[in-house]
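These protein sequences, in sequence, are chains R and E.
Counting with my numbering, you get residues 5 to 378 for the letters of the first sequence.
Counting with my numbering, you get residues 5 to 378 for the letters of the second sequence.
Take the hints with a grain of salt, since some may be wrong.
No copy labels: a pair is met if it fits in one copy or bridges any two.
Below 25 angstroms or equal to it, Euclidean Cα-Cα: the simulated DMTMM-like pairs (lysine to aspartate or glutamate) are [claimed, not checked]:
id: 1; residue 1: K295; residue 2: D162
id: 2; residue 1: K295; residue 2: D48
id: 3; residue 1: K295; residue 2: D95
id: 4; residue 1: K295; residue 2: D355
id: 5; residue 1: K295; residue 2: D217
id: 6; residue 1: K295; residue 2: D91
id: 7; residue 1: K295; residue 2: E175
id: 8; residue 1: K295; residue 2: D338
id: 9; residue 1: K295; residue 2: D96
id: 10; residue 1: K295; residue 2: D37
id: 11; residue 1: K295; residue 2: E72
id: 12; residue 1: K295; residue 2: E168
id: 13; residue 1: K295; residue 2: E367
id: 14; residue 1: K295; residue 2: E364
id: 15; residue 1: K295; residue 2: E130
id: 16; residue 1: K295; residue 2: D34
id: 17; residue 1: K295; residue 2: E49
id: 18; residue 1: K295; residue 2: E221
id: 19; residue 1: K295; residue 2: D108
id: 20; residue 1: K295; residue 2: E202
The set of hints was computed from the structure by calculation and includes no laboratory data.
Chain residues, written in single-letter form:
There are 2 protein chains.
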Amino acid sequence: MNQLTDIDRTLSAPRLPHGLDTPVVVVDLDRVDANIARMQAHLDERGVALRPHAKTHKSPFFAQLQLEAGAVGITVATLGEAQVMADAGIDDVFVAYPLWAVGDKAGRLQALAGRVRLAVGADSVEGVRQLGRAVAGSSARLEVMIEVDSGEGRTGTDAARAVEVARAVTEAGLTLRGVFTHGGHAYRGPDRVAGAAEDEGSTLGAVLRALLDAGFEVPVVSAGSTPTAVASAAAPITEERPGTYVFGDRQQANLGGSDPATLALAVAATVVSTAVPGRCVLDSGAKMLAKDKPDWLAGHGVVPQLPGAVIRSVYDHHAVVDLADDAPPPRVGDIVAVVPNHACPVVNLTDELLLTRAGEVVERLPVLARGRNG
Amino acid sequence: MNQLTDIDRTLSAPRLPHGLDTPVVVVDLDRVDANIARMQAHLDERGVALRPHAKTHKSPFFAQLQLEAGAVGITVATLGEAQVMADAGIDDVFVAYPLWAVGDKAGRLQALAGRVRLAVGADSVEGVRQLGRAVAGSSARLEVMIEVDSGEGRTGTDAARAVEVARAVTEAGLTLRGVFTHGGHAYRGPDRVAGAAEDEGSTLGAVLRALLDAGFEVPVVSAGSTPTAVASAAAPITEERPGTYVFGDRQQANLGGSDPATLALAVAATVVSTAVPGRCVLDSGAKMLAKDKPDWLAGHGVVPQLPGAVIRSVYDHHAVVDLADDAPPPRVGDIVAVVPNHACPVVNLTDELLLTRAGEVVERLPVLARGRNG
Chain R
5 MNQLTDIDRT
15 LSAPRLPHGL
25 DTPVVVVDLD
35 RVDANIARMQ
45 AHLDERGVAL
55 RPHAKTHKSP
65 FFAQLQLEAG
75 AVGITVATLG
85 EAQVMADAGI
95 DDVFVAYPLW
105 AVGDKAGRLQ
115 ALAGRVRLAV
125 GADSVEGVRQ
135 LGRAVAGSSA
145 RLEVMIEVDS
155 GEGRTGTDAA
165 RAVEVARAVT
175 EAGLTLRGVF
185 THGGHAYRGP
195 DRVAGAAEDE
205 GSTLGAVLRA
215 LLDAGFEVPV
225 VSAGSTPTAV
235 ASAAAPITEE
245 RPGTYVFGDR
255 QQANLGGSDP
265 ATLALAVAAT
275 VVSTAVPGRC
285 VLDSGAKMLA
295 KDKPDWLAGH
305 GVVPQLPGAV
315 IRSVYDHHAV
325 VDLADDAPPP
335 RVGDIVAVVP
345 NHACPVVNLT
355 DELLLTRAGE
365 VVERLPVLAR
375 GRNG
Chain E
5 MNQLTDIDRT
15 LSAPRLPHGL
25 DTPVVVVDLD
35 RVDANIARMQ
45 AHLDERGVAL
55 RPHAKTHKSP
65 FFAQLQLEAG
75 AVGITVATLG
85 EAQVMADAGI
95 DDVFVAYPLW
105 AVGDKAGRLQ
115 ALAGRVRLAV
125 GADSVEGVRQ
135 LGRAVAGSSA
145 RLEVMIEVDS
155 GEGRTGTDAA
165 RAVEVARAVT
175 EAGLTLRGVF
185 THGGHAYRGP
195 DRVAGAAEDE
205 GSTLGAVLRA
215 LLDAGFEVPV
225 VSAGSTPTAV
235 ASAAAPITEE
245 RPGTYVFGDR
255 QQANLGGSDP
265 ATLALAVAAT
275 VVSTAVPGRC
285 VLDSGAKMLA
295 KDKPDWLAGH
305 GVVPQLPGAV
315 IRSVYDHHAV
325 VDLADDAPPP
335 RVGDIVAVVP
345 NHACPVVNLT
355 DELLLTRAGE
365 VVERLPVLAR
375 GRNG
């Protein structure tokens with residue numbers, strides 16, 4: 005891949021305010037509103053609950069917007085993120101991760117389970133037993149979601165072993181809420197999305213039957229990722245956990261998960277060098293844009309103001325852009341908006357987001373759960 | 005590349021303290037001391053000044069150790085990093101970056117130039133003129149280092165245009181300190197290091213002659229990167245700016261820039277899943293390890309405790325490890341040390357470093373310049 009895709013050429017970045025001190029992450033709230041409303045309406049129509057993944061925005065501010073629009077609760081990846089959400093008053097949190105709860109983490113888990121409605125993921129009997137030990141002796145009620153692998157090959161058990169894990173949940177004095185999966189193989193390319201969405205449905209169906217046959221109640225059957233949440237219509241899913249849709253990004257637009265016209269997040273960057281012919285350098289390096297780059301996309305983001313340009317490489321503090329042959333070169337000092345490949349790591353790299361409406365700054369929002377990796 | 009290199013198999017990670025709440029970045033101070041002393045001795049022997057790049061550690065704490073060992077000053081990539089160093093009492097800072105100094109940044113530059121000895125990079129006449137406007141009317145003395153490209157193709161002008169830039173420095177009422185380059189093409193593979201070091205020397209030699217012929221004084225001729233600082237012996241270099249050597253990492257060890265036995269930084273991670281056969285999953289995903297991966301290395305870091313294992317992919321919060329066929333699989337709950345491919349982005353992702361000696365925690369150090377990208 006060394007060419008932009010047809011969709012890349014249609015991407016629209018938020019309007020940038022004037023006078024920015026770059027590099028800085030800009031978020032257009034009107035577009036966020038549109039993205040939240042669209043996903044909520046889509047899942048309402050399917051009759052499926054929305055429990056958005058907060059690892060994208062890492063901010064109670066956006067979680068509250070999602071809840072006000074109809075989300076049933078919030079998903080997070082770490083206990084640290086869950087604590088930040090709980091501190092802000094969000095009282096229904098699912099940690100979609102196979103936590104190993106020992107030491108400090110066990111104490112944090114117990115305290116959190118005592119103050120919000122909390123579910124955590126598990127894909128092993130040992131993990132469940134450790135969760136049980138972590139909350140033993142407290143009045144905290146901890147629910148467990150069993151993770152199954154629907155083809156990504158990352159985490160998650162299979163239908164047969166899910167029954168063993170469910171038995172361990174009961175034995176440990178915990179509450180089985182249900183099962184979940186993440187069809188992350190959708191990210192292997194636009195031609196993989198529909199199949200991954202089907203895999204989620206069929207895998208969850210198989211594990212659901214196995215658990216029901218074994219006598220368990222399974223109130224929640226949860227799938228998730230932005231592209232499969234858009235693509236899927238499969239029973240027996242009762243809940244979806246997309247995250248990136250709130251902002252959208254280049255990858256999502258190419259996977260059908262985001263509308264290219266309402267991408268809400270961009271990195272504002274200054275052209276700092278045009279010394280090497282045919283190229284320019286932006287001050288948004290890998291410490292702003294991250295290095296997420298699917299094999300099936302060219303370069304490290306898209307610059308709508310520089311048609312045809314490819315960000316050939318990112319260093320810590322430099323983005324090196326190959327300019328299109330026929331395009332007028334930018335000048336040193338020009339400010340451009342970069343649509344990142346993947347929004348989630350970008351938010352995790354910055355201490356604050358510049359919130360805008362109609363190209364005007366309305367707030368500087370601290371990213372409260374930034375760096376909460378454990 | 006899907007195999008570890010011979011050097012990968014020799015990497016030694018710092019000893020981990022017991023009872024860690026993972027994921028967390030651990031730094032072994034004894035190894036840091038060794039790395040600082042070794043680079044200082046190497047450059048002392050060459051008769052070259054050391055001005056270490058602080059973008060690796062982003063911490064005045066380590067900058068002070070480098071200065072105490074003999075460094076002449078500090079290099080940074082951004083004005084924000086420079087401000088953090090100045091706030092901690094470091095009074096000689098070079099921003100090795102072609103700053104475009106307008107708006108807030110112009111004010112910050114002027115204020116900083118008024119309180120420390122400050123040099124900044126430039127590779128264009130426009131950039132120099134803007135620097136001049138930024139400090140005009142103040143008594144601040146700003147020095148300029150002209151950047152030249154020695155083969156990386158990123159930033160930096162050539163010998164002929166360097167003379168024009170030097171004239172602009174004088175006309176803008178600024179002070180020319182010298183010239184600098186970054187032979188970053190050394191990072192394209194172990195077979196490129198010696199050539200990149202030679203390119204730095206020959207390019208700097210050419211631009212030095214051009215400037216001297218044009219009547220300029222050029223007190224400082226600066227090259228830099230950890231592997232070329234180790235490999236180079238070339239005149240006319242008077243100063244080197246390596247950064248990563250302070251900790252070392254997997255990439256540096258493979259490039260000859262770091263001793264595989266004294267790598268000082270690791271990410272401590274917990275095995276959270278073994279559900280997928282032949283694999284395990286660590287809780288150190290891309291939000292801890294970053295996604296820096298040279299084409300010539302397999303996977304996203306090395307786990308010395310899991311011989312032959314390859315970190316096949318990193319997601320935001322998961323590292324998926326392919327285990328070697330003949331190795332005993334780890335158990336859920338095991339804690340391992342991951343040697344990252346590239347130390348610099350790892351430090352920029354974490355709010356604090358766990359400093360150790362002999363496997364015991366001695367301090368939790370906040371990364372004061374984390375996220376200071378502008």
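Here is what the structure says about each hint:
1. K295 with D162: neither (32 angstroms within a copy, 29 angstroms between copies)
2. K295 with D48: neither (35 angstroms within a copy, 36 angstroms between copies)
3. K295 with D95: neither (34 angstroms within a copy, 33 angstroms between copies)
4. K295 with D355: Answer is both; intra-copy 18 angstroms and inter-copy 20 angstroms each pass.
5. K295 with D217: Neither. Shortest intra-copy (45 angstroms) and inter-copy (43 angstroms) distances fail the 25 angstroms Cα cut-off.
6. K295 with D91: neither (31 angstroms within a copy, 31 angstroms between copies)
7. K295 with E175: neither (43 angstroms within a copy, 40 angstroms between copies)
8. K295 with D338: within (23 angstroms within a copy, 28 angstroms between copies)
9. K295 with D96: The answer is neither: 33 angstroms in one copy and 32 angstroms across copies each exceed 25 angstroms.
10. K295 with D37: Answer is neither; intra-copy 28 angstroms and inter-copy 31 angstroms both fail.
11. K295 with E72: Neither: 33 angstroms inside a copy, 35 angstroms across copies.
12. K295 with E168: neither (39 angstroms within a copy, 35 angstroms between copies)
13. K295 with E367: Cα proximity of K295 and E367: none, with 28 angstroms in one copy and 31 angstroms across.
14. K295 with E364: neither (29 angstroms within a copy, 33 angstroms between copies)
15. K295 with E130: neither (34 angstroms within a copy, 30 angstroms between copies)
16. K295 with D34: neither (28 angstroms within a copy, 31 angstroms between copies)
17. K295 with E49: neither (36 angstroms within a copy, 37 angstroms between copies)
18. K295 with E221: For K295 and E221, neither the intra-copy (42 angstroms) nor the inter-copy (40 angstroms) Cα distance is at most 25 angstroms.
19. K295 with D108: Neither: 31 angstroms inside a copy, 28 angstroms across copies.
20. K295 with E202: neither (29 angstroms within a copy, 29 angstroms between copies)
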